[in-house]
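Novice: Chain by chain, the residues:
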Amino acid sequence: MGFEEVRFEQDSEKALRNKSLQKALVNVTNRFRSARNKASEEVPDWEDLRTSARKIKKETIENLDKYLLILEESVKKAGGKVHWTKDAEEASRIIVGIAREGNVKSVVKSKSMATEEIELNSSFEDAGIKVVETDLGEYIIQLAGEHPSHIIAPAIHKTKEDISKLFSEKLGIPHYDKPEELTKVARERLRSEFLNADMGVSGANFAVAETGTIVVVENEGNARLTTTVPKIHVALVGIEKLIPRYEDLSLFLTVLARSATGQKSSTYVSFITGPKRSTDIDGPEEFHLVLLDNGRSKILASEKTRESLYCIRCGACLNNCPVYRKVGGHSYGWVYSGPIGAIITPQLMGIDKAPELPFASSLCGACHDVCPVKIDFPKVLLELRKNVVESKKGGTRVLERLGIRLWRFTVEHESIYKITNKLSYYFQLPWKGSNGKLNSLPYPFSRWTDQRDFPAVAKKTFRETWKEIKK
Amino acid sequence: MSNSSREEILHTIRKRLEGVGRDEKKISVDTKRNFRSETEEVQKLIDESQSALITQFIDELKNVNTNVIEAGGEEKAKSSLQDLIKEKELKSFAIWESQFLKEINLKQELKDSGLKLITAKNKNRIAKADIGITEVDYAIADTGTLVLIADKNQPRSVSLLPPIHLAIMRPENLARNINDLFIILKSKLEASEDITSCMTFITGPSRTADIELSLTLGVHGPKELYVVFLL
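Chains as they are written, first to last, in the numbering used here: chain R, 5 to 475; chain A, 7 to 237.
Treat the hints as calculated values from the structure; they're not laboratory data. Misleading hints may appear alongside valid ones.
What the hints assert, rightly or not - No farther apart than 27 Å at their CA atoms in a straight line, the calculated lysine-lysine pairs in the DSS-like style are these:
#, chain 1, residue 1, chain 2, residue 2
1, R, 182, A, 68
2, R, 85, A, 84
3, A, 229, R, 85
4, R, 378, R, 390
5, A, 134, R, 134
6, A, 94, R, 81
7, A, 84, A, 134
8, R, 80, A, 94
9, R, 378, R, 426
10, A, 21, A, 108
11, R, 308, R, 62
12, R, 188, A, 122
13, R, 235, A, 94
14, R, 81, A, 122
15, A, 38, R, 80
16, R, 59, A, 21
17, R, 90, A, 21
18, R, 134, A, 127
19, R, 62, A, 21
20, R, 390, A, 21
21, A, 108, A, 94
22, R, 109, A, 68
23, A, 127, R, 80
24, R, 235, A, 229
25, R, 378, R, 302
26, A, 158, R, 62
27, A, 229, R, 164
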């Protein structure tokens with residue numbers, strides 16, 4: 005995904021005006037939210053599970069170097085190869101290299117945020133290797149030449165009419181209008197891609213240090229096909245995806261499925277340890293684990309923001325965020341959206357590339373409440389805001405600073421405060437609309453009223469009303 | 007592969023974590039739990055509540071769009087399978103060469119009823135099989151999950167490529183929940199050094215909700231999942 009600079013304000017305005025997107029966002033986030041709430045309430049010790057999950061992630065991240073070495077050893081022991089990559093460029097180069105060495109003509113991919121992060125598809129295409137996304141949502145997005153808008157429901161911004169038109173244009177088929185028919189078309193097309201592919205690329209939800217097992221969670225079966233059918237399997241895994249022990253999986257799988265979609269268990273969970281054994285009848289002959297740093301190790305430095313790496317990418321914070329629910333995924337400008345995007349993008353890409361994101365939050369803490377590893381989003385956001393302000397790139401606006409100073413002066417002087425109250429009542433009158441609210445204020449306040457009305461200043465102050473009541 | 011990236015990443019991590027104050031000796035994947043004795047305890051609890059677990063498991067299977075055939079014994083299981091063959095007009099099948107399926111001689115019986123046997127060796131051919139028949143290595147009662155472990159007799163594709171997956175299972179493979187299962191798996195892991203190349207959890211047939219959140223079954227994996235439960 006091309007990344008220049010996040011333009012949150014600009015892109016979120018566009019999203020707010022897109023009526024079908026607004027409808028889709030309400031549907032998807034409400035559905036996932038209520039499913040998640042129900043699924044978590046069913047588990048009597050849910051809060052304890054979250055606490056334990058956080059504890060294990062903390063232990064892992066604070067000893068990441070040790071656990072990575074254990075993981076490397078385990079993968080090798082199981083017959084797999086391990087590749088360490090510093091950044092997007094190196095990861096892409098290594099994966100394309102594995103493909104070239106294996107004489108690979110076509111690649112199937114299952115859903116992976118890490119591969120979006122390194123823009124792997126364009127590297128394959130530049131190398132003349134065909135690459136096909138196989139998750140239905142991702143397939144739709146790839147055909148449309150767009151980017152995912154939700155971590156677990158990537159094509160949710162498109163209506164079935166959009167998809168029908170897209171399939172008809174790109175695949176040369178008649179218009180189908182039912183989701184089942186469209187799904188059937190995708191099944192048939194993609195089945196032949198799976199059978200012809202020489203290499204499958206997956207991500208991983210977890211990588212277990214103790215056994216070298218990578219775990220892939222899904223509902224469609226495309227990840228099973230990706231990791232089973234082609235002769236080479238490459239798993240691209242961010243270094244923070246580690247968990248120490250095999251038995252830790254029971255805890256993490258429980259909280260992941262319930263937090264993400266509200267399922268008790270996702271339809272398929274694959275636990276892959278190395279390539280096929282010599283006696284196995286099917287499965288890939290080669291297994292490559294590509295470990296991706298791409299800025300993650302740098303996040304470790306700050307004790308206040310380090311917990312950003314605990315994330316298990318369930319998407320619950322998106323569905324519960326009042327900001328995401330209005331502006332959608334694309335406004336966040338990069339692969340990760342919602343509260344997790346707001347904290348991880350500035351840290352991975354550099355705070356100067358996304359100075360607006362830490363401010364794209366009301367700090368209400370709904371994300372913190374639902375996070376299965378209890379990431380304290382408000383705390384991290386505030387720390388990042390501080391960093392933005394301290395860096396040259398961000399900083400407060402002159403007008404904002406002036407405004408705050410004036411405010412401070414006013415509230416420190418009671419008589420001036422009283423006069424200002426009265427004055428502002430009369431000053432606002434020219435802008436007062438028929439609904440008794442302020443509908444269109446001049447710049448800079450227009451940035452508020454362009455989107456929504458501002459409550460008007462009342463004629464009587466609270467103190468005055470209070471006195472009257474007491475009489 | 008560049009070895010220098012490995013060193014560089016590890017170096018960065020160590021440097022960035024300098025302030026953490028880590029206890030070097032504590033870092034280990036060994037938790038000093040005794041999984042063998044935990045397994046014995048878990049197994050006792052499972053055995054005590056088996057009939058309740060079976061009811062729960064069957065309910066959960068149905069919740070995730072799985073067809074359950076409660077067969078009293080192996081004869082009933084076979085006759086239900088014959089019914090299914092007629093109903094779905096099945097012409098070909100793939101099957102695990104696992105111990106129990108061999109014992110009940112299911113492969114030969116299906117061949118005798120005129121179905122064509124397809125081996126998992128060729129991906130293009132097994133993709134054309136009408137049904138894939140497996141056993142179940144373990145199952146999880148409270149989520150309705152089947153656990154399949156790949157080995158030399160149990161290829162992965164049989165439960166994946168054909169449009170119908172039918173699993174034959176016995177009640178003794180049932181765990182109460184995922185915690186039980188990982189205790190059992192971990193104690194097996196500690197007893198032998200081998201770990202399977204691929205273990206799969208299957209909870210219902212393949213599904214998607216990627217188009218307008220509308221639930222559609224059978225997007226990539228099997229469209230239909232049958233569990234024949236030998237009571």
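Novice: Confirm or reject each hint.
Specialist: Hints versus structure:
1. Our distance criterion of 27 Å between C-alpha atoms is met by residue 182/R and residue 68/A, whose separation comes to about 25 Å.
2. At roughly 44 Å between alpha-carbon atoms, residue 85/R and residue 84/A are farther apart than 27 Å, so this suggested pair is violated.
3. Only pairs whose Cα atoms come within 27 Å are accepted, and residue 229/A paired with residue 85/R is rejected, the gap being roughly 34 Å.
4. Restraint check for residue 378/R and residue 390/R: satisfied, since their Cα atoms lie roughly 22 Å apart, inside the 27 Å limit.
5. Under the criterion of a C-alpha separation no larger than 27 Å, the hint pairing residue 134/A with residue 134/R is consistent with the structure, at around 25 Å.
6. For the proposed pair residue 94/A and residue 81/R, the alpha carbon gap of about 45 Å is over 27 Å, so the pair is violated.
7. Between residue 84/A and residue 134/A the CA atoms are separated by roughly 23 Å; this keeps the pair inside 27 Å, and the hint holds.
8. For the hint linking residue 80/R to residue 94/A, the alpha-carbon distance of about 45 Å lies beyond 27 Å, and the restraint is violated.
9. Annotation: proposed proximity of residue 378/R to residue 426/R is violated, straight-line Cα distance about 46 Å (limit 27 Å).
10. Our distance criterion of 27 Å between C-alpha atoms is broken by residue 21/A and residue 108/A, whose separation comes to about 57 Å.
11. Proposed proximity of residue 308/R and residue 62/R is supported: the alpha carbons are some 12 Å apart, at most 27 Å.
12. With a CA separation close to 26 Å, the supplied pair residue 188/R and residue 122/A stays within the 27 Å bound.
13. Between residue 235/R and residue 94/A, the direct Cα distance comes to roughly 33 Å. Violation of the 27 Å bound is thereby established for this hinted pair.
14. For the suggested pair residue 81/R and residue 122/A, the alpha carbons sit about 39 Å apart, so the restraint of at most 27 Å is broken.
15. For a cut-off of 27 Å, the pair hint linking residue 38/A to residue 80/R stands: about 25 Å separates their Cα positions.
16. Of the supplied pair hints, the one linking residue 59/R and residue 21/A holds, its CA atoms being roughly 22 Å apart against a limit of 27 Å.
17. Between residue 90/R and residue 21/A, the direct Cα distance comes to roughly 15 Å. Compliance with the 27 Å bound is thereby established for this hinted pair.
18. A distance of roughly 25 Å separates the Cα atoms of residue 134/R and residue 127/A; the hinted pair therefore holds under the 27 Å criterion.
19. Restraint check for residue 62/R and residue 21/A: satisfied, since their Cα atoms lie roughly 17 Å apart, inside the 27 Å limit.
20. Of the supplied pair hints, the one linking residue 390/R and residue 21/A holds, its CA atoms being roughly 23 Å apart against a limit of 27 Å.
21. At most 27 Å may separate the alpha-carbon atoms for a hinted pair to count; residue 108/A and residue 94/A meet this at roughly 24 Å.
22. Using a Cα cut-off of 27 Å, the hinted pair residue 109/R and residue 68/A is violated, with the two alpha carbons roughly 42 Å apart.
23. Taking the CA atoms of residue 127/A and residue 80/R, the gap is near 26 Å; set against the 27 Å cutoff, the hint holds.
24. With a C-alpha separation of about 25 Å, the suggested pair residue 235/R and residue 229/A falls inside the 27 Å cut-off, and the hint holds.
25. Among the hinted pairs, residue 378/R with residue 302/R is consistent with the structure: their alpha-carbon atoms are about 21 Å apart, no more than 27 Å.
26. Restraint check for residue 158/A and residue 62/R: not satisfied, since their Cα atoms lie roughly 39 Å apart, outside the 27 Å limit.
27. At most 27 Å may separate the alpha-carbon atoms for a hinted pair to count; residue 229/A and residue 164/R meet this at roughly 21 Å.
Hint violations for this structure: numbers 2, 3, 6, 8, 9, 10, 13, 14, 22, 26, all remaining hints satisfied.
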